[in-house]
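Undergrad: So the chains spell out like this:
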Amino acid sequence: MLMPAPDPAILARRAELLARLREAVPDGVIEDENSRRAYEQDALTAYRQIPMLVVLPSSTGEVAAVLRICSALGIKVVPRGAGTSLSGGALPLADGVVLGLARLSKILDIDYDNRTVTCQPGVTNLAISKAVDALGFYYAPDPSSQIACTIGGNIAENSGGVHCLKYGLTTNNVLGVEIVTIEGDIVRVGGKHLDAEGYDLLGILTGSEGLLGVVTEVTVRILRKPETARALLIGFASNETAGATVAAIIGAGIIPAGMEMMDKPAIHAAEAFVNVGYPLDVEALLIVELDGPAAEVDHLCAQVTTLAQAQGAVSCRMSSSEPERLAFWAGRKAAFPAVGRISPDYFCMDGTIPRKALPAVLARLKEFESEFGLRVANVFHAGDGNLHPLILFDSNQPGELERAEAFGAAILRLCVQVGGVLTGEHGVGVEKRDLMSEQFSEGDLAHQERLKCAFDPAGLLNPGKVFPVLHRCAELGRLHVHQGKLAFPDIPRF
Amino acid sequence: MNAGEALEVVGAGTRRGLGRPVDAPHTLDVSGLRGVLAYEPEELILTALPGTPLAEVESLLSARKQCLAFEPPYLSGLGTLGGAVSSGLSGPRRPKAGAVRDHVLGFTAVSGRGELFKAGGKVVKNVTGYDLPKLITGSYGTLAVITELTIKVLPAQEDTRTLVVGGQAAAAAARTMKTVVRSTADVSAACYLPQDLSAPGIAPHTPATAFRFEGVAPSVEFRLSRLREQLAAEGPMTTLDLEESLGFWRAVRDVAPLADDPGRGLWRISVPPALGVEVLGRIQAGLPGSRAFLDWGGGLMWLQSAASADVSSTLECERKIRSMLAESGGHATLIRAPEEVRRGVNVFQPQAASLAALSKRVKLQFDPKRVLNPGRMYADV
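Protein chains in written order, with the working numbering: chain A, 1 to 494; chain B, 1001 to 1381.
Rather than coming from a laboratory, the hints here were simulated on the basis of the structure. Where hints are given, some of them may not hold.
[Said to hold, decoys possible] Under the rule of at most 20 Å between Cα atoms (straight-line distance), these lysine to any residue pairs were calculated in the SDA-like manner:
# : chain 1 : residue 1 : chain 2 : residue 2
1 : B       : K1178     : A       : G136
2 : A       : K166      : B       : K1096
3 : B       : K1320     : B       : R1361
[As the list claims (entries may be wrong)] From the derived model, a few chain A residues whose C-beta atoms are all more than 12 Å from chain B:
# : residue
4 : P8
5 : G340
6 : K356
7 : K366
8 : F372
All C-beta atoms, glycine included, are put in the ideal place defined by N, C-alpha and C.
Just need the whole structure built from these sequences, with the hints factored in.
TA: Laid out in structure tokens, this is it:
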């Protein structure tokens, strides 16, 4: 993965930078190589890079001081939460500083009357729910890494999760942030009130993958936990009938709390791993969760069962207890590690397609299996079209890593071709950076990159992520695409 | 555009009175850009041209039992989908179902540089690149001229009923709101109308605290009955059926209780919901003769000023409102007033210096010559 080349002039300033950072954050600068190595990668494990330095501030003031220093010296900054990014969002730069936010880990305010929690960015996603659990509340977005991932990271990636079908992504559940700009300005956007007073900068910052500012405080919405939840485990003889059932459920006006699909390879891997009783003779499995008061759940479960049977479901089980509901989910939640047992390596892809395209896309993935000589297992957020193909390979076999990457790229191109997008929840990071031109024209990308210029004209925050070309802001001002030909054809492109 | 001459962008013109007046030598009328390009109920998406009348979109959706969950208000006539997105005003369901910005999935537009571009996508789950659809929402046409919109649509609710608690003074209403918010009643709207305001379906000359229940019939029945029992001691209660509920909440959505006397200024005030009743009381105490009500469980206040709006009385009104908001948090927008008044006051909430600077830089990246609705939101933006 090609990253911006390290700048020798910057590397030469390392000693000065170290001294100034140590002044600003006396107990939080990591200098020795072995300790820096702990930050060399995130969950996109194919890539690693030891950063020049790591700094771990404990307050907004320290974050601002660090960014002012980096800004003054022209140092690139890679913000990092828990390092669970699946797209390489926290991949360091050889001549950059990793700015870890894990020490900003306090919950500052819990306000049940306003249904908000205000906390620092290093608080984990699950810790927010735990803090309000005793009074029957929770924080709804539930990415599968929620036990470890931080809310600051969730904001950077606009993380999703199984329940975002009904309850929204991170961006739909955030009311305010405090950020520090690259110049060290502390800016508050939003708060406990429910809409923006001017431009929706909160909406732009969420999902900005560490490119626009560093989040130092967050105000999120919390909800009352539903009174009941029940899951249906539905088996189908084909992907087509499973897909048709999903369409029928939505067409009937039902938005389940969660609706997940697994194909046969994924079902088998999961069942071998957790042994919860998944049917092994079906082509596709649908897990549908309904939540709310019992009267509502009873009604909706009956409706969903009828719809599934009308589409030809071959089996349908309804959870009759909380342990059983959790058991239905256990296989799906263990799908990734389960696949890790049957294959030395795997890539978890992430793309969104129109739901109706699923059978055709799955058929095409079967063709890709032959083309690339690798197997794939699929789990699918059926409700919102977000597909996670798991490409199985062995990096010790010559050429398999490259074939797996090519397979992944082919899948993402296919997503865009059928009217979908490159990423539904994992973010672009470095992983999908070079495919951005599949979805956006040069002009489309220029409009996004100009937004960056409003926040970080020097391009010091997380360069090498999301956008395939590092334009200087002055060039973007004059960027004009004439008859599809781009000016400045000699600018490095990744 | 190359000459740097300004444009005022207009659809059906129903939101022309919103924001600061735009002094522009030319008008760009996009009302001819109308029509639904794609509607896929099972994908939960609808793509349309911005000049498509809102009424046309909603009628198409309701035929397939779907809706715009953010309930855009119909202000002064029949507006367009583009106008609803550009002004970003959300109706009573906002606390439960999300705001306009939570339902805008993608768009194409012509920026102030004269360049056509697209952003977002046509699927409901998308984090590819910056979330420009959020930014374009509520930007009042100052960043780009929208040429196509893709909106997330959702199932309409099978049943709708409303529980109204009558006769509650402000403090009691605040207490009841808090009880409901902390419960599992899962209301889809909550409002408070003081006794001097009226709305269809509720008794006149008495305050009303109203809660809307939506969903499948057994769920609505269960939750409404349970809340009615819980609140039994709070005051006389009535229940509005489906038709009555639709009429009542449309009136709340469209600010009908304050629609009389358009000569008086109308403010839209957004505060942390739990502070709504208290802020309402203090603002009204400071502005005798003003009339106001609360939506969004207390998070949205509509306030009609006491006398016919002129610049000096509106400035005084503005000063009082903003000083109270400095304590509570939130913001206030002068949503309706004669043009010369809107010239003379801060229509939108003045921003802290660093935020204002950022907003201006964002504007200039999209529209460096300030040709699109210059001054519509802030004097120099």
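Undergrad: Looking at the structure, which of the earlier hints fail to hold?
TA: Checked against the structure, the hints that fail are numbers 3 and 6, while the rest are satisfied.
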